[in-house]
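**Q** Quick mapping for you: the protein sequence lines, in order, are chains A and G.
The opening residue of the first sequence carries number 125 in my numbering; numbering runs sequentially from there.
The opening residue of the second sequence carries number 2 in my numbering; numbering runs sequentially from there.
Hints listed in this document are in silico derivations from the structure and should not be mistaken for laboratory results.
Take these hints with a grain of salt, some might be off.
[Claimed, not checked] Below, simulated DSS-like cross-link-like pairs (lysine-lysine); rule was C-alpha separation at most 30 Å, straight line:
1) K277(G) x K492(A)
2) K883(A) x K246(G)
3) K548(A) x K246(G)
4) K725(A) x K30(G)
5) K246(G) x K881(A)
6) K492(A) x K30(G)
7) K179(G) x K702(A)
8) K100(G) x K702(A)
9) K277(G) x K702(A)
10) K199(G) x K548(A)
What follows is the residue order along each chain.
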Amino acid sequence: MSASFIFAQKFTISGYAKDKATGENLIGANVYVKEIAKGTTTNKYGFYSLTLDKGEYTFIVSFIGYKDYNQKLSLNKNIAINISLEEQTVLTNEVVVSAERSDKNIQGAEMGTVKLPVEKIKSLPAFLGEVDILKTIQLLPGVQSAGEGNSGFYVRGGGPDQNLIILDEAVVYNAAHLFGFFSVFNADVIKDVNLIKGGMPANYGGRLSSVVDISMKDGNNQKYQVEGGIGLISSRIAAQGPIKKDTASFIFSARRTYIDILMKPFMGEFEKTKKLKGSGYYFYDLNAKLNYRFSDKDRLYLSGYYGRDVFSFKNPKATFLVSIPWGNATTSIRWNHLFSDKLFMNTTAIFSDYQFEFHAEQSSFEFKLFSGIRDYNGKIDFSYMPTIRHNIGFGANYTFHTFIPSSVSARIGGTTFDTGKIKKLFANEGAIYVMDDFDLTEKFKIIGGLRATLFQHIGPFERYEKDAFGNPVDTTPYSAGKIIAQYQHIEPRLAVRYSINMKSSVKVSYTQNYQYIHLASLSSVSLPTDLWIPSTSLIKPQFATQYAVGYFRNFFNNSWESSVELYYKEMKNQIDYKDGATPEDGLNDNVDYSFTFGTGKSYGLELFIKKRIGKITGWIGYTLSKTTRLFPEINNGLEYPAKYDRRHDLSTIATYELNNKWTFSAVFVFATGNALTLPIGRYLIDGRPINQYGERNSYRMAPYHRMDISATYIHKKTEKFESSWNFSIYNVYCRYNPYFIYFEDEGDLQFLTSNPKAKQVSLFPILPSVVWNFKF
Amino acid sequence: MKRLYIYILVLLCVFWQACEKDITVDLPKPDRSIVIEGAIESGRFPWITVTKNTPFFEPIDSAALMNMIVLNAFITVTDGIIKDTLHLMLDMNLVPPYKYVGSKIRGEALKKYSLYVRVDGKEYTATTTIPNPVILDSLRFRLRNPEANDSIGYLWIFFKDPDSLGNNYRIFTKTLGKDSVFVHPYGSVADDQLINGKRVEYTVYRGRNPNIQRNPDEEPNPHQAPNWAFITGEKAVIKFCSIDKEHFLFWKTVEQQMMSDGNPFSSPTTVITNIKGGALGIWGGYGVFLDTLKIPK
């Protein structure tokens, strides 16, 4: 054998990393080769592959909360090895440094990416006892809460519609229950949450600002398990277990609120007078997942989510009744296939649906409103790992969208109103991408990618042509399948890391994103009436360019991580309702006439310090940012602060594990007050005062700050049964944070006096809650 | 629907003991603006009121109202041929009780009218048209709830919307012996987006003086006229007006603002204006159709 042949000979070690006790795949586990100080991480399905020169190597596989796997192997042929990690049950006082390779934040080229292990989230204070992953995301720098108790969030000055929220590959269009106080994700069945707020890799697209990629648990394939919780406003239960040990498993969960039931005794008086009989509000969520492993090469997953909010109202004499059901449904079928130990494929077929219905009836009057969005989506993703230096991804994605912006039927007396046919809008959205995560030199690592996207608004469709005064004069019909508007774009993505040393690195990233669908929201809180609409010939795709640079440094054997990131983001074709627009404007008209368009800009500085391991863990995140909008038709064409503009945003989280029984947590947040538009003057019309509004968003509410604390007490923990209590106190020092401001006239126009006074309403004072969780 | 959300929110607030407190809001003072409100109806002389705006938190009382009146405006209205110079007069039905009225031009359907206003050297202009009035086929009264033993009901109007799109309507009512002038109901304007070219029936609520607010949910004496409905035995006049698009949009935004006033979820509605030169308000033409109904006992 010649020497050159020996050096050229390469072999692959590949396989899956999983939890020993449950068989769950571990997402993002570190696979590290000690001798060459390099490694990789497992993908979303727990798969890893490393191709190395022939030789003796020490493989260390680590995952936070688990014991390291440490194995010396002689790599002289291709090896397939599935690695089971054992959970770290005993808490030791000494700081456990989880292998050498826990510096992914330094060595990876990704920026603005945060992974949240759900188990960690569960010990944090929870609002009314409901653990909510979207609220934990808000505690990260660059991510802002949409409002008090709200699960909606803004990332780096982008609107709530610019966040791509996916659950097992399926897009969730409205991730919030009523008013956004709770998200639709039941933490019991969630395994992993990955947030990308900048430097979005090319395999994601279709949104400008962020990706929240949520993976459901696969289900324990070793033994049956039931867990659940009983809380103040809701209860939940989840069951999982093997259908066939090591091969197939299932998980199922349900959650329902019972505010409606709980309120009954308090509403006794109302009940007696029959004021609220037949009225109520509740929501429920159902999750289910099945998976089947045909072999080490093939695996099938079937996941589904179904959730509904139901609100109903009847007045005393039942002459007026309203019912409003709404919610999401998603289904995805995924097939993982290994073509070789270097080429991994995932194929997904997805169905996603969001529906909103409003039905009102009053003796001679009936009104029904229906809106929604439905997607049929197919995608295929490959990862190819030819050498340790390259991790190549490529794939394609196609979605058929059906939008129902708002469809109304109404009847007054004998007249049925002509609201036009149900106005559905159809669109094709496609994308192909290629990306490579590679080591250029020892110092430089690059993630480069290109995403090519195509969007078509297709018929059937009727375009109402208008004259100069906005009066419709004619309609142009388009037949089914006819392309009415088409957009295609190339989106380059680039992230570069430069290692200064083992402890610190500098990263830069540049991304371009197009977004072809838009959320039109009339108000500042998440309401189910928010409409999704496609790009049309009038609505151009949203477009963003983001530049970011960051410095990353770890301390004390990687037990502390820190980073500073600067970003600058420009957004074009941003959408807003014209002044005075209402959702009914879309009736017998094209919905896109109600909008006006402009640009947005956001820049900021984000600081992040995190303590990863030890008895005390937690982080401090701080964001200094400015976000503005410029719309020719709003605010007289002058630049104004966006609704999402928040100068300062600080979040601090600390968790202290006292012993095996008690864990304590605290959260403190501070944010600049919301921008809003207030009237500055009044004038008389019809003898009544009319408000004259000041500049858009020129007024600031008082700053928002709040502290929450929690204690988790593990009552019993054995192999057979686990029981724990979580005590949370929301808003410990009872800060009256402004939710909204309104004006009350203390005068009486009947006596020709008027004297407006400003009132500030706060939602939640100090709110204690308790939840009992169990597992057997 | 917005009201419903407020209702839900109120429910939540009650449940979670939401807290409310008075705060002081430091608002900038608005620039002084002139406010013009004027109309020309078919068959009648034009009338205009001219007032000034006031800072938001400035209390309004009778003294402040007097300060808002502009008495030195020079106003003309022309139909392109004749020019009518308006003069000031007292009208106790108005708040504040002054208006400028014309004496030469009476409104005619399908004509265009231009307004010119000069106050303290500043000039403001506007134009409006009087559309052809649309004729009511019939006018009826129906009890709100035939099973209930009361006399309360609404008027129903029946008409055919003209085939061309772009007809806009505004409704006023007057109960003889009770209202001294025509007054409009809470929502007084409609367009024909939904009803174009159709034969339609509409409920008409009782018009009311906008300055007299009563609790809309109060249950009245079953045989006494509540403030939004009619009762049997009354004699009602309907003024069914056709208006142009800008005139419609003005009243639509005014009424939208009244509706959404205080609704924290709505974006603020800026009332539009068709007055050029920096003033606020409206100059609008009405094509009027009148019909009277004696509601049987």
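**Q** Verify the proposed pairing of K277(G) with K492(A), using a straight-line Cα cut of 30 Å.
**A** violated (40 Å)
**Q** Take the C-alpha atoms of K246(G) and K881(A), compute the straight-line distance between them, and say whether it is at most 30 Å.
**A** violated (35 Å)
**Q** Under the criterion that the straight-line Cα-Cα distance not exceed 30 Å, is the pair K883(A), K246(G) satisfied?
**A** violated (36 Å)
**Q** If you draw a straight line from the CA of K725(A) to the CA of K30(G), is it 30 Å or shorter?
**A** holds (29 Å)
**Q** Would you mind confirming whether the straight-line C-alpha gap from K492(A) to K30(G) stays at or under 30 Å?
**A** violated (44 Å)
**Q** For the pair supplied as a hint, K179(G) and K702(A), is the alpha-carbon distance within the 30 Å limit?
**A** Distance of about 41 Å is beyond 30 Å: violated.
**Q** Within a Cα-Cα threshold of 30 Å, do K199(G) and K548(A) meet the stated pairing?
**A** The given pair, whose Cα atoms are some 24 Å apart, holds under the 30 Å limit.
**Q** Given the hint that K548(A) pairs with K246(G), test it: the Cα-Cα distance must not exceed 30 Å.
**A** With Cα atoms ~28 Å apart, K548(A) and K246(G) stay inside 30 Å; holds.
**Q** Take the C-alpha atoms of K100(G) and K702(A), compute the straight-line distance between them, and say whether it is at most 30 Å.
**A** violated (34 Å)
**Q** When you check the alpha-carbon spacing of K277(G) and K702(A), does it fall within 30 Å?
**A** The given pair, whose Cα atoms are some 20 Å apart, holds under the 30 Å limit.
In the structure shown, a violation is registered for the earlier hints numbered 1, 2, 5, 6, 7, 8, in ascending order.
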